[in-house]
Amino acid sequence: MEDGESVGTPSSMLHRCIIFCSVCHLLVRAAWLFLPTTVLAQNPADEHVGVELVSEEESIVPHQQLQLGVRFDLQEGWHTYWVNPGDSGEPPRIEWTLPTGFQANSIQWPYPIRLSTPPLVDYGYEHQVLLPVVIRTPSGLTEGATEQMIAHVHYLICQEICIPGQKQLVLELPVRDHGTASSNAVLFESTRRQLPKPIPEGWKISATSAGGEFRLRLRARKVIASPQFFPLEPEQIENAAPQNVSATPGGLVLHLKKSNHLLKPISRIKGVMVVSGTAYLVDVRVLQSSGQGPGQSKQN
Amino acid sequence: MKRNLLCSVAVTTVLAGLCYGQRVGEPAANFKATDSNGQMHQLSEYRGKYVVLEWHNNGCPYTRKHYESGNMQRLQKEWTSRGVIWFTVISSAPGQQGYVTAQQENEYLKRMNAVPTAALLDPQGDVGRLYAAKTTPHMFIINPEGLLIYDGAIDSKATTDQSDIATATNYVSQALEEAMAGKAVSTPTSRPYGCSVKYAH
Numbered sequence: 001m002e003d004g005e006s007v008g009t010p011s012s013m014l015h016r017c018i019i020f021c022s023v024c025h026l027l028v029r030a031a032w033l034f035l036p037t038t039v040l041a042q043n044p045a046d047e048h049v050g051v052e053l054v055s056e057e058e059s060i061v062p063h064q065q066l067q068l069g070v071r072f073d074l075q076e077g078w079h080t081y082w083v084n085p086g087d088s089g090e091p092p093r094i095e096w097t098l099p100t101g102f103q104a105n106s107i108q109w110p111y112p113i114r115l116s117t118p119p120l121v122d123y124g125y126e127h128q129v130l131l132p133v134v135i136r137t138p139s140g141l142t143e144g145a146t147e148q149m150i151a152h153v154h155y156l157i158c159q160e161i162c163i164p165g166q167k168q169l170v171l172e173l174p175v176r177d178h179g180t181a182s183s184n185a186v187l188f189e190s191t192r193r194q195l196p197k198p199i200p201e202g203w204k205i206s207a208t209s210a211g212g213e214f215r216l217r218l219r220a221r222k223v224i225a226s227p228q229f230f231p232l233e234p235e236q237i238e239n240a241a242p243q244n245v246s247a248t249p250g251g252l253v254l255h256l257k258k259s260n261h262l263l264k265p266i267s268r269i270k271g272v273m274v275v276s277g278t279a280y281l282v283d284v285r286v287l288q289s290s291g292q293g294p295g296q297s298k299q300n
Numbered sequence: 301m302k303r304n305l306l307c308s309v310a311v312t313t314v315l316a317g318l319c320y321g322q323r324v325g326e327p328a329a330n331f332k333a334t335d336s337n338g339q340m341h342q343l344s345e346y347r348g349k350y351v352v353l354e355w356h357n358n359g360c361p362y363t364r365k366h367y368e369s370g371n372m373q374r375l376q377k378e379w380t381s382r383g384v385i386w387f388t389v390i391s392s393a394p395g396q397q398g399y400v401t402a403q404q405e406n407e408y409l410k411r412m413n414a415v416p417t418a419a420l421l422d423p424q425g426d427v428g429r430l431y432a433a434k435t436t437p438h439m440f441i442i443n444p445e446g447l448l449i450y451d452g453a454i455d456s457k458a459t460t461d462q463s464d465i466a467t468a469t470n471y472v473s474q475a476l477e478e479a480m481a482g483k484a485v486s487t488p489t490s491r492p493y494g495c496s497v498k499y500a501h
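Protein sequences, first through last, are from chains A and B. Note that the working numbering has the first sequence beginning at 1, numbered continuously upward. Note that the working numbering has the second sequence beginning at 301, numbered continuously upward.
Treat the hints with caution; some may be incorrect.
Subject to a maximum C-alpha distance of 30 Å in a straight line, what follows is the list of computed DSSO-like cross-link-like pairs (lysine-lysine) [to be verified]:
1. A/K257 to B/K457
2. B/K349 to B/K457
3. B/K457 to A/K270
4. B/K457 to A/K167
5. B/K483 to A/K264
6. A/K264 to B/K457
7. A/K258 to B/K457
8. B/K483 to A/K258
Stretch-level coverage of chain B by chain A, calculated; a stretch enters the list once three of its residues show a Cβ under 8 Å from a Cβ in chain A [what the hints assert, rightly or not]:
9. 321–335
10. 358–368
11. 428–434
12. 447–458
13. 480–491
FYI, nobody ran anything at the bench for these hints, they're computed from the structure. Every residue gets a Cβ at the ideal spot worked out from N, C-alpha and C, and that includes glycine.
If we strip away everything but chain A, and leave its shape as in the complex, we get:
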């Protein structure tokens, strides 16, 4: 911290950054012209995805959690993966290097979409996704100081073909007594709406194992649209099987075909159920059924 005033003001930082970045940009462009193709090929994923470490606020506020995230901007046709990637693929991983006393929670996964390439189904994201991570900060941070956070991200992107990538992403934020929304704040807000919530009051969910399928029975006060279930554990259900719905008085039953890989009974089924654009976390005990129709399936 040589010159507190000029370093501290956002506009001077911005100017320096713009000049610095412009120089970098020119250097990078110049370097690309001279690099042998083998070096260029080291991170071919860059051509199809932008990966950035972003913060909801432009500063670190003492005694408050810091909301960071890794944002993927995928080229049309490309996708990356959910925590359970489904039939193929691999979820992104983040290794953190943080200042002393900072601790990263695990990734909060927004609900995915089904990515179908018959006969397979994967779970993941297209276009843009933010993977939020809460960072717990220590007490006793010095206002005016700058803290550096590094996320080493490993990821796989696929279109017809798959390309693994990894990036070291660096974010520096000043410690201030108040927070200011960053340009990514809106994205953090919309991403929060895609995180699984607890099952609403008044809903009842139970699961039975019946022959070759699991039946998720859902009872709600009002009629709900057809849900979609994303399993959190791999190899419990066939990802590509259609999830048929049958109506029951006061609710519905979702039929999930058991995975061929499931050789033993399971005690719980855990996943994310998406109903009309809202995701709910399902984690229920699996009861054994005698295998009759969905109307008589709830037995123990």
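Dock chain B against the given chain A, drawing on the hints supplied.
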């Protein structure tokens, strides 16, 4: 058997997408396929031997992890020397990543010092769909009695990083060792990891 028969029939029809493959502990469905030297193989010819099926796509980063490290070749060498039949199966459709002609595959095998018993060319995806092969690699083991005893990943570390191979549990070697010692296979299924098999659309 009935399932397998149904599956076999389904493969030849538009219902192929509804086939969910074989089940560990049950008889593995028979198949016929031509290798890169033009020789026809069918599974039933190899009753009495262990058979490993390895789904392959030479451009997939997960396949490359195991070939560029020499891991797959080591496994092929070790297990074929112990009497195991090892089929590399290529189900990439023409125009898709990993599709090869017989000549291209033979050049690849030579260049990589790969030593499977044979590389089966399955451009229509019939064998792949029959076994519900999902990824490259995706590994299956059939025992001398013709029962499927393993269906899943090559090992326990689902990454493209070669340095993970040394510390991973290799499920194929583990299953073969256990089965040959007369023991139950401790991990008979696992989530196969890798690129999706590039079937015809």
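Inset, instruction - Please flag the earlier hints that this structure goes against, numbers listed from lowest up. - result: Structure breaks no hint.
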